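Residue numbers (the numbering used here), protein chains in the order written: chain G, 104 to 202; chain D, 268 to 420.
No lab work stands behind these hints, which were simulated from the structure alone.
Everything numeric in this text was worked out from a predicted model, so none of it was measured.
For every residue, glycine included, the Cβ atom is placed at its ideal position computed from N, Cα and C.
Careful, some of the hints might be misleading.
Pairs of lysine-lysine, DSS-like flavour, derived with a Cα cap of 27 Å [claimed, not checked]:
#: 1; chain 1: G; residue 1: K185; chain 2: D; residue 2: K326
#: 2; chain 1: G; residue 1: K202; chain 2: G; residue 2: K185
#: 3; chain 1: G; residue 1: K188; chain 2: D; residue 2: K326
#: 4; chain 1: D; residue 1: K336; chain 2: G; residue 2: K125
#: 5; chain 1: D; residue 1: K275; chain 2: D; residue 2: K336
Using C-beta positions, here's what the derived DEER-type ranges look like [unchecked claim]:
#: 6; chain 1: G; residue 1: Q173; chain 2: D; residue 2: M295; range: 31 to 39 Å
#: 7; chain 1: G; residue 1: R191; chain 2: D; residue 2: M295; range: 29 to 37 Å
#: 8; chain 1: G; residue 1: A200; chain 2: D; residue 2: K395; range: 37 to 45 Å
#: 9; chain 1: D; residue 1: K366; chain 2: G; residue 2: K107; range: 46 to 54 Å
#: 10; chain 1: G; residue 1: K129; chain 2: D; residue 2: R274; range: 33 to 41 Å
#: 11; chain 1: G; residue 1: F113; chain 2: D; residue 2: D291; range: 19 to 27 Å
#: 12; chain 1: D; residue 1: P370; chain 2: G; residue 2: E197; range: 15 to 23 Å
#: 13; chain 1: D; residue 1: L406; chain 2: G; residue 2: K188; range: 17 to 25 Å
#: 14; chain 1: D; residue 1: P370; chain 2: G; residue 2: D182; range: 17 to 25 Å
#: 15; chain 1: D; residue 1: L406; chain 2: G; residue 2: G138; range: 47 to 55 Å
#: 16; chain 1: D; residue 1: K338; chain 2: G; residue 2: R191; range: 29 to 37 Å
#: 17; chain 1: D; residue 1: E355; chain 2: G; residue 2: G116; range: 34 to 42 Å
If you want the building blocks of each chain, they are given just below.
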Amino acid sequence: MAKKTTKKTFKPGKNIVASVSKGFRKKLKKSVDDGIKELTINLQGVEMVDSVGLGVLIATHNSLNSAGGQLKVTNASEDIFKLFKTMRLDQHFEVSAAK
Amino acid sequence: MILDIERKNKKLEICFPSMTGNIDIAAMETEKFLIENSFKDIAFDVILVMREALTNAVKYGSGENSRKKVKYSLKIEGNFLVMKVEDEGEGFDWKKKLKQGLPMVDSSSGRGLAIMKSYFRIIKYNKKGNVLTLYKKLLNGGVNGKKNNQKNI
Chain G
104 MAKKTTKKTF KPGKNIVASV SKGFRKKLKK SVDDGIKELT INLQGVEMVD SVGLGVLIAT
164 HNSLNSAGGQ LKVTNASEDI FKLFKTMRLD QHFEVSAAK
Chain D
268 MILDIERKNK KLEICFPSMT GNIDIAAMET EKFLIENSFK DIAFDVILVM REALTNAVKY
328 GSGENSRKKV KYSLKIEGNF LVMKVEDEGE GFDWKKKLKQ GLPMVDSSSG RGLAIMKSYF
388 RIIKYNKKGN VLTLYKKLLN GGVNGKKNNQ KNI
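Sequences and hints are given; from them, build the entire structure.
Given below as structure tokens:
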């Protein structure tokens, strides 16, 4: 019997903002419901994350955390990384900047 | 989805039906305006705050009612970039909201105003709370449109 995977990476490749938040939230929720414990959001190619997008990431991390998992955000641009730090979200889940 | 877009000397004005998709079009126009006026360096800050202000106007001010209009303008005035957003809603208790700091770190909402306060220097509402004006200081070349090399709020 194949071992169920508990890790997944999402690469949205487009801005995570109010106009796309519903669809993005749905995709992430499905992963959590499917039993993913470690979800990585690779922000390569993402130029903007607004407060609605941040809300989706926080809600996803909260759900993962309740199930013993965690969210990781990688490849954040300099501006987006600064935004996460300004909003102190780097204290809530792991965030790393693009190299 | 009919938008009125007007670009005059040092000023961008957009009037649009209250729908979140229109915020993306306003963001593209804002980026063009900033590049044309040599303020690409602060484009992220300005577009982020524009998105927050317009999202509040569309979602809370107009209740996402596409029959209501949102007016947005951005202009260079002396050493300031001035953003104005007006909706057709009933306004809100902005004095109470402006006093609030960052929400709890695990809260998935309530960061819009905190972002505006972090990236722009002055935030003003009219008495009712449906007209928002924000000011961002331009340290270098605000008047003459020279390259702005220094970030500031």
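Practice problem: Could you tell me which of the numbered hints above are not met by this structure, giving the numbers in increasing order? | Solution: Of the numbered hints given earlier, the structure breaks none, since each of them holds.
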